[in-house]
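Peer 1: Model the full assembly from the supplied sequences, consistent with the hints where possible.
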Amino acid sequence: MIITFIRTIILYLLVVASMRIMGKRTIGELQPYELVIDIMISDLATVPMQSTDFPLLSGVIPIFTLITLEIFMSYASLKSRKVRKFLCGEPTTVIKDGEINYKKLKSLRFSKTDLIEELRQGGCDDATQVKYAVVETNGKISILLKEENSPLTKADAIKIFSKQRGKQ
Amino acid sequence: MKDVIIATVILVLIISVSATFYSLSMNFCSDMSDGLQQAKEALIEKDYELATQNTEECMQVLEKSNIWLSAMANHEELNAMKTGLLRAQQYIIYLDDKEAMAELGELTGLINHFKKSEQVTVENIF
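Protein chains in written order, with my numbering: chain A, 1 to 168; chain B, 1 to 126.
Rather than coming from a laboratory, the hints here were simulated on the basis of the structure.
Note that the structure is a prediction, hence the values are computed from the model and not measured.
Wrong hints could be hidden among the right ones.
Below are the BS3-like pairs computed for lysine-lysine, each with C-alpha atoms no more than 27 Å apart in a straight line [to be verified]:
id	chain 1	residue 1	chain 2	residue 2
1	A	K163	A	K146
2	A	K96	A	K82
3	A	K82	B	K2
4	A	K140	A	K104
5	B	K115	B	K98
6	B	K115	B	K64
7	A	K85	B	K2
8	B	K46	B	K98
9	A	K79	B	K2
Covered stretches of chain B (chain A as the covering partner; in silico rule of three or more C-beta atoms under 8 Å from a C-beta of chain A) [claimed, not checked]:
id	region
10	2-10
11	73-84
Some chain B residues well away from chain A (every beta-carbon gap over 10 Å; in silico) [to be verified]:
id	residue
12	S25
13	Q38
14	D47
15	E57
16	D97
17	M101
18	A102
19	H113
20	V122
We put the CB at the ideal spot given by N, CA and C, even for glycine.
Peer 2: Laid out in structure tokens, this is it:
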């Protein structure tokens with residue numbers, strides 16, 4: 001029993017250290033492959049934690065290997081655009097000037113309903129109001145509304161007020 | 001850059017530890033196989049004293065390697081080796097040739113399986 005306790009402490013520290021090395025990003029910001037690596041690490045740690053028949057190293061070595069590969073790949077993607085494109089893919093524009101690009105939507109396996117749902121969450125109920133909608137590499141959709149549909153900003157208010165003062 | 005240096009150090013450590021374990025396990029397997037073969041030959045010649053001595057040597061090899069072996073091999077497999085060796089020893093002490101030979105044969109199989117599973121081959125990788 002005490003062996004399991006000690007093993008659990010060791011593996012807990014190892015997983016925490018590995019997550020620290022991997023960086024401070026939240027789940028929503030992770031690239032899909034990074035999320036898979038995180039899940040793999042946690043899964044690898046549970047096997048030697050549960051069973052004392054498995055040597056601790058059978059969990060430790062794959063965890064460390066995954067961490068090192070992750071660091072190398074992140075560094076390579078930071079240095080090379082090609083590697084970044086291979087690992088993360090590229091953002092895809094699915095709406096341009098109010099027109100939905102169904103071909104790209106299909107290639108992303110995104111339905112129109114999904115897109116409209118995302119638009120609603122982004123504060124817009126019609127695709128024609130959108131200037132650009134881009135599916136980012138982490139799967140999130142960035143929406144840029146057309147000028148006439150975008151909310152009033154402080155800069156707009158200043159412009160209006162300065163125009164009015166000019167008239168007076 | 002700091003992370004890359006840490007990763008490189010970890011990678012070098014993993015490779016060196018794996019290589020060390022690989023070489024240690026191959027030596028262990030050859031020592032055990034030799035000891036078991038000698039015990040078998042001694043049994044064929046009905047030299048029970050020599051057979052007991054050989055199994056004792058095998059037990060010493062196993063005990064000596066236990067520290068690093070338990071860190072890398074499946075503990076169930078190691079326990080099977082230990083109990084098999086103890087059983088073979090007892091059969092030899094009680095002059096039961098057939099059972100002793102069967103037990104030594106099983107142990108040789110276990111050692112060969114361990115050796116095969118540790119070798120870097122395409123079969124093992126896939």
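Peer 1: Taking the earlier hints as the rules, which of them does this structure contradict?
Peer 2: Hint check: nothing fails, all pass.
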